[in-house]
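> Listed below are the residues making up each chain.
Number of protein chains: 2
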Amino acid sequence: MYDGAETFVGVTRLEYRHIAMLVMGIDTSTMQGGVALVSGQGVICDYTLNVKATYSERLLPLIDRALQDAGITVSHVEGFAVALGPGSFTGLRIGLSTAKGLAAAGGQPLVGVSTLEAMAGTLPFCAHQICPILDARKGELHCALFRCERDRLVRLTDDGTVAPDRLFSRIQEPTVFLGDGLMVYQELVQSQLNELALFPPLASRGGRAAAVAELGRRRLVQGHRDDLAHLAPQYLRPSEAELKILGSVAPRAL
Amino acid sequence: MYDGAETFVGVTRLEYRHIAMLVMGIDTSTMQGGVALVSGQGVICDYTLNVKATYSERLLPLIDRALQDAGITVSHVEGFAVALGPGSFTGLRIGLSTAKGLAAAGGQPLVGVSTLEAMAGTLPFCAHQICPILDARKGELHCALFRCERDRLVRLTDDGTVAPDRLFSRIQEPTVFLGDGLMVYQELVQSQLNELALFPPLASRGGRAAAVAELGRRRLVQGHRDDLAHLAPQYLRPSEAELKILGSVAPRAL
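Chains as they are written, first to last, in the working numbering: chain H, 3 to 256; chain E, 3 to 256.
Please note: incorrect hints may appear among the correct ones.
In silico DMTMM-like pairs for lysine to aspartate or glutamate, Cα to Cα no more than 25 Å straight-line [unchecked claim]: (1) H:Lys54 - E:Asp66; (2) H:Lys54 - E:Glu80; (3) H:Lys102 - H:Glu119; (4) E:Lys54 - H:Asp66; (5) E:Lys54 - H:Glu80; (6) H:Lys140 - H:Asp160; (7) H:Lys140 - H:Asp153.
I should point out that these hints are in silico values taken from the structure, not numbers from a laboratory.
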């Protein structure tokens, strides 16, 4: 375990962070959420739970377990990554508040990541466009489009909240759908898009805290940190917002 | 929760199993292992832990937690899927013995699945050939080759145990490597195969019990079950065994 001592020979501190940095990932965006510990060696633990219990009941016990099972205390965690949404209002507030509390107490850096981007990141080397969808209620979906280019995940659109028809009109090629939006919309997606709609196995349809940890870790090892005072959940964009397809440059705001 | 009553209207019993069947997956093949509960609705829980503690210490507590967190008892589990290896001799024995004990006590069906196939199944829609590798000690690897064809995982070779050079000589196209063999062999794979070698993000390099549950579940919903008396781990093939590339038909034995 990395104990903060700079005893590694032949590598800079940044390189060492790349090798070792231990990050806790927290995802409370949807009913399927959890806690993970990921270091440069890979996953230490990744606990995913998808039950109706609120995160106020289940998040801290899950964090406790992860630390105990890994044989460490929270002071060994070198950074926190938390899913900012879109997703459940209450879930996101609990996850972010807890992560902020831990980071503030221990002085470790914290970064927020997009829930949809972390979900897309669970399908590395995917041959098709990826569209995570979350049920936004009121007949709408939170969604975004991504594509894998070699070992890189490329974002094609910003996160958006749209009616299903609006999303479907943008799908012109085979696309893999995942996320809890499938619980409500899978049949509609299938019937509207026919052979363009692809669905992963059941085990790969939801978010994983390890993907949140991994995504955040890439920024943390570069020394980035978000401002605890100002980091806020991305609950729900205005319902009139539209999903805009982006050019090959950086994603535009909605 | 499905309580065994046939109260569903308009679906056959087999269709109902497809919809609901709750399966526990157990993976103790490598140091990264765990327990998952997967139903036709998706993942209920998926607990992955990668620490040096033995499975005799950690498996039953993890099963207990999974059941408790899901709010069920073991009698609600409708089938068991267990990873048969290749992998750690002791780990596999503990996982299979525990699964057999639970299945025998409760009368539920049990199926064994290939550890390597379950690992490959964690990369759905992968654009490239997939090669899970596990460290087999003595300078060898457990490995097999797979390919995704639309939403189906196709096995290209049987599971085999070979020297790294032997495996490398078979790799003629971009191939995604995952599994704990990367801890030992990633640099060698990279240096020997150069741009043909691809590696997933850290969060997607190991096995997940949910993938074991999913793979087993497909056989369980068809009514298959393995024979408790004869089901045995696939620890290690004879070291002289060679990885044979298969035709487009069924995999051949080594």
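> Any of the earlier hints contradicted here, and which numbers?
7
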